[in-house]
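Student: Given next are the chains, with one letter for each unit.
2 protein chains.
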Amino acid sequence: MLLEFLHLDRNGRDALYLQLYRGIRDAVTGGQLTAGEKMPSIRRLSEDLKLSKTTVEAAYSQLVMEGYLVSVPQKGCYVAHLSPFSHQNPNENIGTVPQSAPAALRYRFSTDAVDPNAVPVALWQKHLRTALARTDVVTSYGNGPGEDELRSALAEYAYRVRGVRAHPSRIVVGAGLQSLLYLLSGILRERSRLIGLETPGFAQAERVFADCGLAVCQLTCDESGLCPDAPVDAGIRTVYLMPSGRPGSGAPMPMPRRTALLEWAKHTGGLIIEDDHNGELRYHGRPVPALQGFDDGNHVIYIGTFSKVLLPSVRLAYMVLPPALAQQYYARAQWYHPTASRIEQLALAEYIRRGDMDRQLRRLRKIYAAKGDLLLQLLRETFGDHVALVLQETALRVLLTLPGPMTAQQRADAAALRGVEVRPAPAYPGDRRILLGFSGIVYDDIAPAVHRLALAWPDVVVHTQTN
Amino acid sequence: MLLEFLHLDRNGRDALYLQLYRGIRDAVTGGQLTAGEKMPSIRRLSEDLKLSKTTVEAAYSQLVMEGYLVSVPQKGCYVAHLSPFSHQNPNENIGTVPQSAPAALRYRFSTDAVDPNAVPVALWQKHLRTALARTDVVTSYGNGPGEDELRSALAEYAYRVRGVRAHPSRIVVGAGLQSLLYLLSGILRERSRLIGLETPGFAQAERVFADCGLAVCQLTCDESGLCPDAPVDAGIRTVYLMPSGRPGSGAPMPMPRRTALLEWAKHTGGLIIEDDHNGELRYHGRPVPALQGFDDGNHVIYIGTFSKVLLPSVRLAYMVLPPALAQQYYARAQWYHPTASRIEQLALAEYIRRGDMDRQLRRLRKIYAAKGDLLLQLLRETFGDHVALVLQETALRVLLTLPGPMTAQQRADAAALRGVEVRPAPAYPGDRRILLGFSGIVYDDIAPAVHRLALAWPDVVVHTQTN
Chain Z
4 MLLEFLHLDR NGRDALYLQL YRGIRDAVTG GQLTAGEKMP SIRRLSEDLK LSKTTVEAAY
64 SQLVMEGYLV SVPQKGCYVA HLSPFSHQNP NENIGTVPQS APAALRYRFS TDAVDPNAVP
124 VALWQKHLRT ALARTDVVTS YGNGPGEDEL RSALAEYAYR VRGVRAHPSR IVVGAGLQSL
184 LYLLSGILRE RSRLIGLETP GFAQAERVFA DCGLAVCQLT CDESGLCPDA PVDAGIRTVY
244 LMPSGRPGSG APMPMPRRTA LLEWAKHTGG LIIEDDHNGE LRYHGRPVPA LQGFDDGNHV
304 IYIGTFSKVL LPSVRLAYMV LPPALAQQYY ARAQWYHPTA SRIEQLALAE YIRRGDMDRQ
364 LRRLRKIYAA KGDLLLQLLR ETFGDHVALV LQETALRVLL TLPGPMTAQQ RADAAALRGV
424 EVRPAPAYPG DRRILLGFSG IVYDDIAPAV HRLALAWPDV VVHTQTN
Chain V
4 MLLEFLHLDR NGRDALYLQL YRGIRDAVTG GQLTAGEKMP SIRRLSEDLK LSKTTVEAAY
64 SQLVMEGYLV SVPQKGCYVA HLSPFSHQNP NENIGTVPQS APAALRYRFS TDAVDPNAVP
124 VALWQKHLRT ALARTDVVTS YGNGPGEDEL RSALAEYAYR VRGVRAHPSR IVVGAGLQSL
184 LYLLSGILRE RSRLIGLETP GFAQAERVFA DCGLAVCQLT CDESGLCPDA PVDAGIRTVY
244 LMPSGRPGSG APMPMPRRTA LLEWAKHTGG LIIEDDHNGE LRYHGRPVPA LQGFDDGNHV
304 IYIGTFSKVL LPSVRLAYMV LPPALAQQYY ARAQWYHPTA SRIEQLALAE YIRRGDMDRQ
364 LRRLRKIYAA KGDLLLQLLR ETFGDHVALV LQETALRVLL TLPGPMTAQQ RADAAALRGV
424 EVRPAPAYPG DRRILLGFSG IVYDDIAPAV HRLALAWPDV VVHTQTN
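Taken in order, these protein sequences are the chains called Z and V. In case it helps, the numbering used here puts the first sequence at residues 4 to 470. In case it helps, the numbering used here puts the second sequence at residues 4 to 470.
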């Protein structure tokens, strides 16, 4: 068990202590034995490796002498902290491990987190604890397409909240949107290898399609979204859309466009992948029901997620397959392992079944409405006619277009210097659009954060801010 | 919030009570409102939908009258249990929801579960509870390539236990082997679209490659596994292997073959995907270190999993990328969401860091050695020379070849009638090989289970069994 990486050649030319010394030395310089780690005692290591104590002692002494190990009297040997220059393998430390945000950022207009005030964290933790207390659940694999309890709860939830018509047998659960898109791509590639997306596209989905060798084409859009003739003009058979909040404007797809799209699908045998990202979170007025509910059941693949509705740490998404695709899926389902955590699946099933999700949605709609409204109001007061503002309701962010010579990246850098994180909207070079996500920021932080933005971008402030 | 699927047209021709009646009726017959579910009270529904109480009352009365709802005095209305013939949408109930094993199976020779005696379930649950108590963890997204704490722990663990050389920055964590293979396929397709596999292949990996449009070719193997010239003969640049326990014989790849393979990779710029499934679980003698540790660091992608080493419910795997591939991964990493549960990642990091994983491996090796030996011994005593037996150590199963006219499927069916689950080895038509997995079955159940197999297959029993 100890230091199993060591390859000791008992019939080799080199003395065993030397082999042991080299093995441990390389592990220390290679970083596999980490600084500060306690080494096994001489007795334990000699027993485990079937070496004499003298052999292990000789190797340890050499390593201590050369500074790879540090000997602490009465305690044992520890791996030394080497200076970076003593590392011998330049290949080992490549790539940047993405770091958490610098501590200097006091306010984060991001959508990477949810406001802890908005979510009943303790309640979710309680459901998780209940699920994880079920020993039978922990010791066996889950059901490939998802736990039956969760799929039943989702069938009821998706219909009640989003108008989605789904029998549990047509629901497949995965560890997030992308896990499901990989499965789907495997099925779709047998129909056609070209997928149409709304402009400006959606990078996470495009990444999956590219990994699966499916080509993507951007479809013609106008201010109401996807143009009715776009799918036919592009000659595609599959479109990927976010009808509840389009990538550009954040507005829901208008009903006539929905009808036209469903007509196209019906007449050409087309397929629509409906990414209903945060469809539940439209809060000004009643949510627009999902496209899937208006279909005859054969042309829309509905995908729902929970990272913003519940918690970002919950890696759970589900898709509702039309019957023909569900049959294709089941023909190969035995070769797919489940991806979503079984415990989180069962916790979510209970969360929905007991009505906690309904209460959570009601709470979230209120909180997000208040945060979005406050942010819009303060931005208008601060920057007035200098900025164009679009509230992207379901995306939980405000799209800001600023005038002047500064690019969005320069604006973001200036904001960061004031301790505020904002994101350039990634679309085209010289893009001046900035995204202010408000899912993570706490309500009371919005005013001071906007105040700092005013200090960061003085050229576009309307009236003098008093500090 | 209530019955949000309802589309009420307040200016429509039809009375609102009729629209409400139809909406609920369709939801009951479509199965979206489930039998036994309590309906909202008339007062709540009228408030929520902004309808008069009379309207709601009229709709409910009609539904009760026609048998879609059941009214319980003092309690309210419930969704009725309809007979299957009253369902109107034949499309809804397609596909078979995979069921759990029939209760009649008393003994299961499967690898779908682990023996609850073998795993310190309570300890794992404790680590999970600790991780989930961290509110900051629950309310934000995880790190794309995996939690830093886990990647550091894995770097140390993989080196110590498997001889794998990995800096944490080159480790990517995912929700199981397949989630990682999808990412990898996206990178590999830029090099070549053909992957070589050992015969008889590995269906879960092939499924992913097929989903991603990568072609698979089976490489020539002999009794020692992959033939040294096979990759060159097939003209491939990437091979997928299980060197710690080959799919057919379960034996580790012999050292000369390993050296030859690494030479091939070095001279041709080839890549080896090393699926080290249960490499930790070789228990007769010391585990054979991973191939990756013998490489110069540039040609082996190492993949480790935890479903058998820890628990099947833990959807966690990790891969160690060579520097060039790690760079390709980081160039696109921002477009990948994490897949593995964040809580399970942090629990595993602690489990490794505190030495619980080492203790667990020691325990597992003992238990699996004892179970495998007992099973082999009993099978030999019972079926003698009638059967060929191969212990596939890391796969935790025995491969059994039986003579006679019965196919493996017929043998499995006969065993099932006696309450014992065994699996036909899926390879070619008329295959007479059967797999007896022993990870899930409890030690004390092995003898009675083999006794039942003797009753199920009397034609191959050596000596008379007394009942």
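It should be emphasised that the hints constitute simulated quantities derived from the structure, not laboratory data. A couple of the hints might just be wrong.
Chain V side only, calculated, beta carbon under 10 Å to chain Z, not exhaustive [said to hold, decoys possible]:
(1) G33
(2) A107
(3) A419
With a cut-off of at most 25 Å between alpha-carbon atoms, the simulated SDA-like pairs for lysine to any residue come out as follows [what the hints assert, rightly or not]:
(4) V:K53 with Z:E353
(5) Z:K129 with V:D139
(6) V:K53 with Z:G39
(7) V:K129 with Z:P257
(8) Z:K41 with V:T138
(9) Z:K53 with V:K53
(10) Z:K369 with V:A391
(11) Z:K53 with V:D361
(12) V:K56 with Z:G39
(13) Z:K129 with V:R362
(14) Z:K78 with Z:K129
Output of the computed footprint for chain V on chain Z, the stretches with three or more beta carbons under 8 Å from beta carbons of chain V [as the list claims (entries may be wrong)]:
(15) 120-130
(16) 174-182
(17) 187-194
(18) 382-394
(19) 419-427
All C-beta atoms in this analysis are idealised placements derived from N, C-alpha and C, irrespective of residue type, glycine included.
Student: Just to be careful, I want the Cα atoms of Z:K369 and V:A391 compared with a cutoff of 25 Å; is the pair within it?
Tutor: Not OK: Z:K369 and V:A391 at ~68 Å, beyond 25 Å, violated.
Student: Are the Cα atoms of V:K53 and Z:G39 separated by 25 Å or less?
Tutor: 67 Å, violated
Student: Need the status of pair V:K53, Z:E353: alpha-carbon distance at most 25 Å?
Tutor: 30 Å, violated
Student: Between Z:K129 and V:D139, is the straight-line Cα distance small enough, at 25 Å or below?
Tutor: 16 Å, holds
Student: When I compare C-beta atoms, does the segment 187-194 of chain Z have three or more residues closer than 8 Å to chain V?
Tutor: holds (count 3)
Student: Keeping to a limit of 25 Å between CA atoms, is the pair of Z:K53 and V:D361 held or broken?
Tutor: 19 Å, holds
Student: Is the listed coverage of the segment 419-427 of chain Z by chain V valid when you require three or more residues with a beta carbon under 8 Å from a beta carbon of that chain?
Tutor: Violated - the segment 419-427 of chain Z has 0 residues with a Cβ nearer than 8 Å to chain V, which falls short of three.
Student: Verify this for me: three or more residues of the segment 120-130 of chain Z with a beta carbon less than 8 Å from a beta carbon of chain V.
Tutor: Satisfied; 4 residues make the cut.
Student: Is Z:K53 within 25 Å of V:K53, Cα to Cα?
Tutor: 81 Å, violated
Student: Does V:A107 meet its interface restraint, that is, does its C-beta lie within less than 10 Å of any C-beta in chain Z?
Tutor: 18 Å, violated
Student: Keeping to a limit of 25 Å between CA atoms, is the pair of V:K129 and Z:P257 held or broken?
Tutor: 50 Å, violated
Student: Given the hinted pair V:K56 and Z:G39, is their Cα-Cα distance within 25 Å?
Tutor: Since the Cα atoms of V:K56 and Z:G39 sit roughly 72 Å apart, the hinted pair is violated (cutoff 25 Å).
Hint violations for this structure: numbers 2, 3, 4, 6, 7, 8, 9, 10, 12, 13, 14, 18 and 19, all remaining hints satisfied.
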